[in-house]
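Residue-level listing of the chains:
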Amino acid sequence: ILNVEQSPQSLHVQEGDSTNFTCSFPSSNFYALHWYRWETAKSPEALFVMTLNGDEKKKGRISATLNTKEGYSYLYIKGSQPEDSATYLCASNPSDDYKLSFGAGTTVTVRA
Amino acid sequence: NAGVTQTPKFQVLKTGQSMTLQCAQDMNHNSMYWYRQDPGMGLRLIYYSASEGTTDKGEVPNGYNVSRLNKREFSLRLESAAPSQTSVYFCASSGERASQETQYFGPGTRLLVL
Numbered sequence: 006i007l008n009v010e011q012s013p014q015s016l017h018v019q020e021g022d023s024t025n026f027t028c029s030f031p032s033s034n035f036y037a038l039h040w041y042r043w044e045t046a047k048s049p050e051a052l053f054v055m056t057l058n059g060d061e062k063k064k065g066r067i068s069a070t071l072n073t074k075e076g077y078s079y080l081y082i083k084g085s086q087p088e089d090s091a092t093y094l095c096a097s098n099p100s101d102d103y104k105l106s107f108g109a110g111t112t113v114t115v116r117a
Numbered sequence: 049n050a051g052v053t054q055t056p057k058f059q060v061l062k063t064g065q066s067m068t069l070q071c072a073q074d075m076n077h078n079s080m081y082w083y084r085q086d087p088g089m090g091l092r093l094i095y096y097s098a099s100e101g102t103t104d105k106g107e108v109p110n111g112y113n114v115s116r117l118n119k120r121e122f123s124l125r126l127e128s129a130a131p132s133q134t135s136v137y138f139c140a141s142s143g144e145r146a147s148q149e150t151q152y153f154g155p156g157t158r159l160l161v162l
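If you read the sequences in order, they're chains A and B. The numbers in this note's numbering rise by one with no breaks, and the one at position 5 of the first sequence is 10. The numbers in this note's numbering rise by one with no breaks, and the one at position 58 of the second sequence is 106.
Hint data in this document are derived by calculation from the structure and do not stem from the laboratory. Honestly, I wouldn't trust all of these hints.
As the list claims (entries may be wrong) - Simulated coverage check for chain B against chain A, where a stretch passes if three residues somewhere in it have a Cβ under 8 angstroms from a Cβ of chain A:
#1 64 to 73
#2 94 to 104
#3 142 to 149
As the list claims (entries may be wrong) - Computed far set for chain B versus chain A, every beta-carbon distance over 10 angstroms:
#4 Val52
#5 Thr55
#6 Val60
#7 Asn76
#8 Ser79
#9 Met89
#10 Glu107
#11 Arg116
#12 Leu117
#13 Ser123
#14 Leu126
#15 Ser132
Beta carbons are placed, not taken as given, at the ideal position from N, Cα and C, and that holds for glycine.
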């Protein structure tokens, strides 16, 4: 069982502000890092899969970076909008297989 | 294109009853997964199937069995439900190994065991 931690557990952001939060994973066991966006009453939806140290990926106003040497990934939301309100999950693979270990998520609430 | 579908959406069971959760995907994916999600915890892998005809245990397999009926369908069975199995169950699929591709999730099944 891989220990994947996310912080903070929740955060509130004013509409238009930018924010970021962290996913930590054991740097000694890493193969891939996934980010998912999970809206209430819906299914988790994939945002990014990253594998290389220094990877940066972007999807609209959301971007992510990866540091495999120190074992963390940041997710950034630029100019938050109410539709960005969701729980953001990260998950890591310690090896090239089928088992993802998920963090508990960061719940983002964007206030208008 | 329906993606990943799950039935039922909601179920109430009494302790000791059995039931099967159904999952199907229409994306021609090789790999399928069953997760459970509990408050304050991340998704935990129950079982997965790397390809048709194979199944393997995940992190929390006790109390569950699975069947990969064909490439499209992957079912999860609770033989004797316990209150500890109250949870939201998600089925997912991916084309290849989770280390290489994103997973696509179904809408979930909410299970309450009394």
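Consistency of the hints with the structure:
1. 64 to 73: Check failed, 0 qualifying residues.
2. 94 to 104: With 3 residues closer than 8 angstroms to chain A, the stretch 94 to 104 of chain B meets the three-residue bar; holds.
3. 142 to 149: holds (count 5)
4. Val52: Violated, because the least Cβ-Cβ distance between Val52/B and chain A comes to about 8 angstroms, which does not exceed 10 angstroms.
5. Thr55: Given a closest Cβ separation of 14 angstroms, the condition holds.
6. Val60: For Val60/B, whose nearest Cβ neighbour in chain A is about 19 angstroms away, the distance exceeds 10 angstroms, so it holds.
7. Asn76: holds (17 angstroms)
8. Ser79: violated (6 angstroms)
9. Met89: violated (6 angstroms)
10. Glu107: violated (6 angstroms)
11. Arg116: Correct as stated: the minimum Cβ-Cβ distance to chain A is 13 angstroms, above 10 angstroms.
12. Leu117: holds (19 angstroms)
13. Ser123: holds (18 angstroms)
14. Leu126: With a cut-off of 10 angstroms, Leu126/B remains clear of chain A, as the shortest Cβ separation is near 21 angstroms.
15. Ser132: holds (18 angstroms)
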